[in-house]
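For chain A, the structure is supplied; the task is to place chain B on it using the hints.
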Amino acid sequence: MSRIPLRPLARILNARAKGENPDAIEAENRARRHEAMADKQRQRAEGRLLVLGLAFFCAFGVIGMRMGTLASSVPEEPRASAVGNPIIGQRSDIVDRNGRILATNLQTHSLYAHPRDMLDPANAAKELAQIFPELDEAELLKDFQSDRRFLWIRRQISPEQMQAVHDIGSPGLLFGPREMRLYPNGPVASHILGGASYGREGVASAEVIGVAGVERQFDSYLRDPANEGAPLQLSLDLTVQAAAEQVLAGGMSIMNAKGAASVLMDIHTGEIISMVSLPDFDPNNRPRVLTTGDQSDSPLFNRAVQGVYELGSVFKIFTTAQAMELGLVNANTMIDTQGPLTWGRFRIRDFRDYGPELSTTDVIVDSSNIGTARIAMQIGAERQRAFLDSLGFLEPTPLEMIEAPTGRPLLPANWSEISTMTVSYGHGLSSSPVHLAAGYASLLNGGTRVTPTLLRQTTPEQGPRVVSEAVSAASRSMLRQVVTRGTASFGEVEGYAVGGKTGTADKPRAAGGGYYDDKVISTFASIFPANDPQYVLIVTLDEPSENSGVEPRRTAGWTAVPVAAEMIRRTAPLLGLRPQVDRPEPVGVTLTSN
Amino acid sequence: MRGLFYVLTAMAVMGLAVWAYQENYKTQAAIAEVRELHGQIGAAHERISMLRAEWAYLNRPDRLVDLADLNFDRLGLLPLMPDAFGAVDQIIYPLPPILPITNPIELSYDQLKAMENDL
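In order, the protein sequences belong to chains A and B.
Going by our numbering, the first residue of the first sequence is number 6, and it counts up by one from there.
Going by our numbering, the first residue of the second sequence is number 3, and it counts up by one from there.
Next comes chain A alone, as it looks inside the complex:
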């Protein structure tokens, strides 16, 4: 590039010759040079601006397009990430304490129709009605010929049914995958598991939701993908539960009862090992809720948790234990049992006359209402209420079931002195068998509070102290004597040192006003082995009557106790309890020491 000199000699000489100012030429050239430089710089700046603008345009364009695709595309799981397991998205299993399956899932198919795609609706309706007898051919045809676009036919079908529908060959009949909740054991533990049904339904999948029992209680846990399919482990033992149901069903039919319940609980941890309520149902095919009549007549009703009954004399042990804890009596204190005991217009009687006085132990062994009421009078209403509260009798059980809060105990409206007396022998206060099991466990395990639970525990519960060790041991001894020489003599199971208390309570009339003469709730609350308690068993029969004798016998000693004994005989070995056998001393051997 040639550079133009500011003062070109030729022009300067020329200008000088003409007498002009040569500086003007320099100024003109300088201005021209500056102009050229400015032009060049402007051009360069414009180019840079253009590049920068393009870069920004591209960047914003890319961001905009990315946002557009994110907004309009279907969400997709990150495939390349290695975190977690994206496969297990289905509802978790429920297993028992040994890992045996109580509830699981099964892949089945649903059947739906696109009536507009059907070539021969009449034939399809006819064939479908043959495959599924519960479908009505005329109704199906009406639906197929209406202008509906979509129609559910069956929520879930078996592989055989699917093949049969496939063989119809109609292009308007379509299948969708469908997850089904399966309870492989049928009615075993049905009340605890509850059942499941479908929530939001789509063609490609459906939401399985729990409708009752632990399925409902732990619904969010079971559906949480973060668990990666880890099962929910309950405290139940499937084998024991099945054996208990079998024994209880047999006992219920022999004793002509209309319902029965049993609760088997670990005395130290509060785990429910088995809980039965009869009649029961199949959770795979859950019956409908009764719309009329008494809900407690429905098989869905869980007598062990929801059924609150006046449980009768089984409460006496709480009264004597509290009196011993307060130092009012000891096991040998003589109690006045002269009857009848009159309080206002109430008269308290015994089953038969037990003479003028009995020791505290014999009040329990012979089940004297009068003796218990007299002890309760010494305790007083306030202290009795507080004691029953400490055993959990005033609140619904904290069991992990959706139905548990409905089992709210019925308490005397006004805890007067007469209420104190009747509650002392189990009348006037209604509670569920689970309450009773928890109360017995708390009182007899050494005296620390136990809360019932349906979840597997690993350590014994360290609850607050309810009674002292000594009172707990004395109560156990009394209960053992009830079986060895008292009202529960049928409860003896060789090797298991059963201790327990019977309770026979007249059923209150539903319409109010007194009690039935010939309808009772008979209960046997037991622990075994009494010398080293491991388990609490409550057996309750609703309206039993043992008809082998001349007249029907309804007391718990004749009805609930034999059933409970059989249940212990069957379940204790399954629980791994060895019978305690008195070994005779070896003959002819004398133990000596030197």
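Calculated directly from the structure, the hints in this document are not laboratory data.
Misleading hints may appear alongside valid ones.
As the list claims (entries may be wrong) - Coverage of chain B stretches by chain A, computed from C-beta distances (three or more under 8 Å per stretch; other residues unrestricted):
#	region
1	44-55
2	82-89
3	92-98
We treat Cβ as the ideally placed atom computed from N, Cα and C, and that holds for glycine.
Chain B alone, transformed into the frame defined by chain A:
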């Protein structure tokens, strides 16, 4: 010198481009493989859960009770009762092994019979 620098840079860019191209395809292949494996794992899970469900269904207590009843002649299975427990001293000690006979004595059949009778 400058020219060499440009050539080297261009070659490095081309080399990196080839490497990125290959990595891209390897990644895509790996993702496809992961997807396939996930599919297989999912199918395996489904199969396992189906088999577990079937196992649980076939071992349901009601069925086992029925089977035990049906096969009582052959198996003689009874519910577990307390008398099924034994004591350790009810089990006999293992019999001492019979020592090998080193110098056998010839016995006539009659003598053998007589000895057995004595025993």
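Each hint, compared with the structure:
Beta-carbon proximity to chain A at under 8 Å applies to 7 residues in the region 44-55 of chain B; the threshold of 3 is reached and the given coverage holds. Counting residues of the region 82-89 of chain B whose C-beta lies closer than 8 Å to any C-beta of chain A gives 7; at least three are required, and the coverage claim holds. Residue count for the region 92-98 of chain B with a Cβ under 8 Å from a Cβ of chain A: 0. That is fewer than the three needed, and the coverage hint is violated.
Going down the numbered hints, you'll see the structure goes against just number 3.
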